[in-house]
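From just these sequences and the hints, can you work out the full model?
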Amino acid sequence: MKARIVHRSDVLDIVDLLRARGYEVIAPFRVSGRDTCFDTVTDQNRDAIQLHVANPNYPPKRYVLPHIERLLAVKQNGEFKIEPTYEMPKRALFGIRSCDVAGIYHLDRFYLGREFRDVYYENHRKNLFLVNLVCTDPDRDIGNECFCVCTDTGPAARDHFDLQLMDLGDEFLAVAGTAAGEVLFTERIFRPATKEHVERRRAILDATRKRFRKPTTSWFSATVHYISKGDVLEKTWEEIGNRCMECGGCTYVCPACTCFTVSDRRTGPDEIERVRLWDSCALGGFTRMAGGHNPRRAVHDRRNRRFFRKLAHYFIQRELSMACVGCGRCVAVCHGDIGMPAVVEAIRRATGEVAK
Amino acid sequence: MSIGTGKVRLPDVPIPHPSENVYLPKVAVLDRVVPEIADVKTFYWHFADPAEQEAFKRFRPGQFAQVSLFGVGEFPTSLPPSPTEAETFFTVRQVGSCTTALHQLRPGDQFAVRGPYGNGLSMEDYFGRNLVFVAGGIGLIPLRSCIVYALANRDKYKRIQIYYGAKTPAELMYVPNLREWEQLEGVECYLTVDRADAAWTGNVGVVGSLFKKPGVEVAVEDSIAFVCGPPVMFRFVIKDLLEMGIREQDIVSTLERYMKCGVGKCGHCCIGVAYVCVDGPVFTYEQIKNLGEEI
Amino acid sequence: MVPAIRHITSGTPTETAGTECAGHYGRQWPCTTERPLGTPTLFAEENSTFKFAPVRKHVVPPPEQEYPYTLVFGHSLYYWNQDVLVRRSETLRREYNILLLDYPNGFVEINSDDAKKIGIRDGQQVRLFAPRGSVAVTVRVTSEIRVGSIFVPYFMADVEQELLGPSTEGVNTISVRVEKEPIA
Numbered sequence: 103m104k105a106r107i108v109h110r111s112d113v114l115d116i117v118d119l120l121r122a123r124g125y126e127v128i129a130p131f132r133v134s135g136r137d138t139c140f141d142t143v144t145d146q147n148r149d150a151i152q153l154h155v156a157n158p159n160y161p162p163k164r165y166v167l168p169h170i171e172r173l174l175a176v177k178q179n180g181e182f183k184i185e186p187t188y189e190m191p192k193r194a195l196f197g198i199r200s201c202d203v204a205g206i207y208h209l210d211r212f213y214l215g216r217e218f219r220d221v222y223y224e225n226h227r228k229n230l231f232l233v234n235l236v237c238t239d240p241d242r243d244i245g246n247e248c249f250c251v252c253t254d255t256g257p258a259a260r261d262h263f264d265l266q267l268m269d270l271g272d273e274f275l276a277v278a279g280t281a282a283g284e285v286l287f288t289e290r291i292f293r294p295a296t297k298e299h300v301e302r303r304r305a306i307l308d309a310t311r312k313r314f315r316k317p318t319t320s321w322f323s324a325t326v327h328y329i330s331k332g333d334v335l336e337k338t339w340e341e342i343g344n345r346c347m348e349c350g351g352c353t354y355v356c357p358a359c360t361c362f363t364v365s366d367r368r369t370g371p372d373e374i375e376r377v378r379l380w381d382s383c384a385l386g387g388f389t390r391m392a393g394g395h396n397p398r399r400a401v402h403d404r405r406n407r408r409f410f411r412k413l414a415h416y417f418i419q420r421e422l423s424m425a426c427v428g429c430g431r432c433v434a435v436c437h438g439d440i441g442m443p444a445v446v447e448a449i450r451r452a453t454g455e456v457a458k
Numbered sequence: 698m699s700i701g702t703g704k705v706r707l708p709d710v711p712i713p714h715p716s717e718n719v720y721l722p723k724v725a726v727l728d729r730v731v732p733e734i735a736d737v738k739t740f741y742w743h744f745a746d747p748a749e750q751e752a753f754k755r756f757r758p759g760q761f762a763q764v765s766l767f768g769v770g771e772f773p774t775s776l777p778p779s780p781t782e783a784e785t786f787f788t789v790r791q792v793g794s795c796t797t798a799l800h801q802l803r804p805g806d807q808f809a810v811r812g813p814y815g816n817g818l819s820m821e822d823y824f825g826r827n828l829v830f831v832a833g834g835i836g837l838i839p840l841r842s843c844i845v846y847a848l849a850n851r852d853k854y855k856r857i858q859i860y861y862g863a864k865t866p867a868e869l870m871y872v873p874n875l876r877e878w879e880q881l882e883g884v885e886c887y888l889t890v891d892r893a894d895a896a897w898t899g900n901v902g903v904v905g906s907l908f909k910k911p912g913v914e915v916a917v918e919d920s921i922a923f924v925c926g927p928p929v930m931f932r933f934v935i936k937d938l939l940e941m942g943i944r945e946q947d948i949v950s951t952l953e954r955y956m957k958c959g960v961g962k963c964g965h966c967c968i969g970v971a972y973v974c975v976d977g978p979v980f981t982y983e984q985i986k987n988l989g990e991e992i
Numbered sequence: 006m007v008p009a010i011r012h013i014t015s016g017t018p019t020e021t022a023g024t025e026c027a028g029h030y031g032r033q034w035p036c037t038t039e040r041p042l043g044t045p046t047l048f049a050e051e052n053s054t055f056k057f058a059p060v061r062k063h064v065v066p067p068p069e070q071e072y073p074y075t076l077v078f079g080h081s082l083y084y085w086n087q088d089v090l091v092r093r094s095e096t097l098r099r100e101y102n103i104l105l106l107d108y109p110n111g112f113v114e115i116n117s118d119d120a121k122k123i124g125i126r127d128g129q130q131v132r133l134f135a136p137r138g139s140v141a142v143t144v145r146v147t148s149e150i151r152v153g154s155i156f157v158p159y160f161m162a163d164v165e166q167e168l169l170g171p172s173t174e175g176v177n178t179i180s181v182r183v184e185k186e187p188i189a
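Chains as they are written, first to last, in the working numbering: chain L, 103 to 458; chain R, 698 to 992; chain X, 6 to 189.
There's no promise every hint is true.
What the hints assert, rightly or not - Straight-line Cα separation of at most 27 Å, DSSO-like style, residue types lysine-lysine; simulated pairs:
#, chain 1, residue 1, chain 2, residue 2
1, X, K56, L, K337
2, L, K331, R, K754
3, L, K337, R, K986
4, L, K183, R, K723
5, R, K754, L, K183
6, R, K723, L, K177
7, R, K754, R, K853
Honestly, the hints are just simulated from the structure, not real lab data.
Here it is as structure tokens:
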């Protein structure tokens, strides 16, 4: 991987370079207080781009898997005319965190790496340029909920980005992860990096890793072990399930959740569109079959499902990546305090005691 | 965990062309509708495009298809015809909004189909063995495909036994087929009903009662058992078969789940470690036991 | 200062001027002239005192022997705001429809312990008796509701009418007795 140095005042020029190359650039902005969001960069808001802010709760997943996406447009006059509707935007995500890079990689593995390729996902992903920003500021970048050190996805992504930026103080270290990222290095703003810069990067990363509030690294592997072997007691799942309010929030903010539902709606007298929209395994209607049978009727069966799907070794092996990236969004939105780290801890404690 | 590596999985799953849109259904035309029992009808149909029909006909017994009723939705349904038969059809019970919409269609009306999906069964793997089919109620629908396929290749198998039960004589499925199978040389076809009517002369009792009837001898040695039916029947039949000595990996069944995509993406049909749509719907009892979740 | 806040606080001791709220996440009430940026801790200064004032406790009459269950009214879980919202949201609509598919005639929720005591199962018909009237409903047995309460979703509009009759004057809570409805 090639590395270059960008001066602090030139960092946002990368956004301009990408825009000049025809990319629609998405970057994090501050809404109010600690509320942040990803939005399209325009000439007006270009200077308001935030490098060090709390990671937006609404994940950048929606730029590859839109919240609501049209799959087919069907015209019906006498007979059906079925037209697939493809969107192929040229987009760049600027300033996304390492956890979200890992999230998009997981989606790649899931939607493109199995028996069937998802054409709609592929179209969104094909022209996507990822500019990863390493979390270095312990106060502004790292939230109380973050646990990427436990899922081995952060604070600096090792792969799957096009360009990685890291704040070294008055300079940024830029690392190219792909050929598309390397092309940018011909621009004037990038200067050669020295050994001393790389040393500084290592020192900053070492210091940053220590600033995470709750290191539960070993608990994760233990929990994966317990869940994969089926050692977790029904009682533990029930306790977790009892705290679930079935709002589905955790799945909607998760950058690695993949489930969707499909729905038909009428758009005109003879026109129907088929859309897919995000769905949540926390909801009772997720598995209910026509006729009324619901294999996961109890709340704890559904909660169990989400964590089993994310932590069972079988699925990690199947997708070659874990479906939890340690962003901590589920912790931030959960009313019942059963975000991923809390569940990992609960399972580890309850099952560990029995195992003894 | 042996999901996907078990014997029922075939390497030659018809994988579509990489750039093909797996969510794109193809227009189909309804030819005729045959009522089976109350609320259940058989729909004979063909694709509007003959090339599609040709491609679809490569399906295997045990696979399923997604049926689109535009404006209402899409639902998965098993394929009761055998690839050896000329016509394509579904047998569907009216339960939800989509199946209701299908039941309202008239011959000549259009709908859309995509598939076939799922692992299906490779009946070739069982050449030279005994086949035991145990079905209850509308559980005969997915097994019909295997039975017809086996009968078309009768010389390749040893004994073929069919045990089928329904609540009443009026609820027996595919009656013309059943009559044919009963008459056929070399097929042991046993029928039973839970409640008989005046005209019924056959056995009365649950499917399991057939196994103990005098004159019936279930093929145990070197047998493959195909079981499909309501959950209660499923549990008791499995217990009986295991007691008789059929191994867990030789008992095959199909599972059903709420499904949206059919290609392993939407996540609705996941049971434990398996996606029913790509790892199933055909599982051995050994696999079902190890899924990690109740079925 | 935001005009709306000036309007709200006009004439009160917290009336202030010059506070800029836009662009920030808010201020800790009260914003006074001395502390335009808000007061994170009240009575933080030395020698400042405050008094506790008794709050009159709302007296809930104990449940009568004859009518041991109290009705609680509210929205059902996936019913948000108005029908227009639920109808336009795919997921909410699905969840809401499923609830109604499982209980086609609507439902009232009752705790599983209470249900055991009365001897009713999920989906069974019961009759609620209040002093002024009675109504037949389907029960949904759940552990999400407190013992001694019966939750009535708003869409079960007839329940309140049937139990109270035309006049709702002077009624704070509705207590009922539950009886199994003979299966018709």
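Status of the hints after comparison with the structure:
Between the alpha carbons of K56/X and K337/L the distance comes to roughly 48 Å, so the proposed pair goes past 27 Å and is violated. About 41 Å separates the Cα atoms of K331/L and K754/R, which puts this hinted pair outside 27 Å; it is violated. Restraint check for K337/L and K986/R: satisfied, since their Cα atoms lie roughly 21 Å apart, inside the 27 Å limit. Only pairs whose Cα atoms come within 27 Å are accepted, and K183/L paired with K723/R is accepted, the gap being roughly 10 Å.
Note on K754/R and K183/L: the hinted pairing holds, with a Cα-Cα distance of about 23 Å set against a maximum of 27 Å. With a CA separation close to 13 Å, the supplied pair K723/R and K177/L stays within the 27 Å bound. Annotation: proposed proximity of K754/R to K853/R holds, straight-line Cα distance about 22 Å (limit 27 Å).
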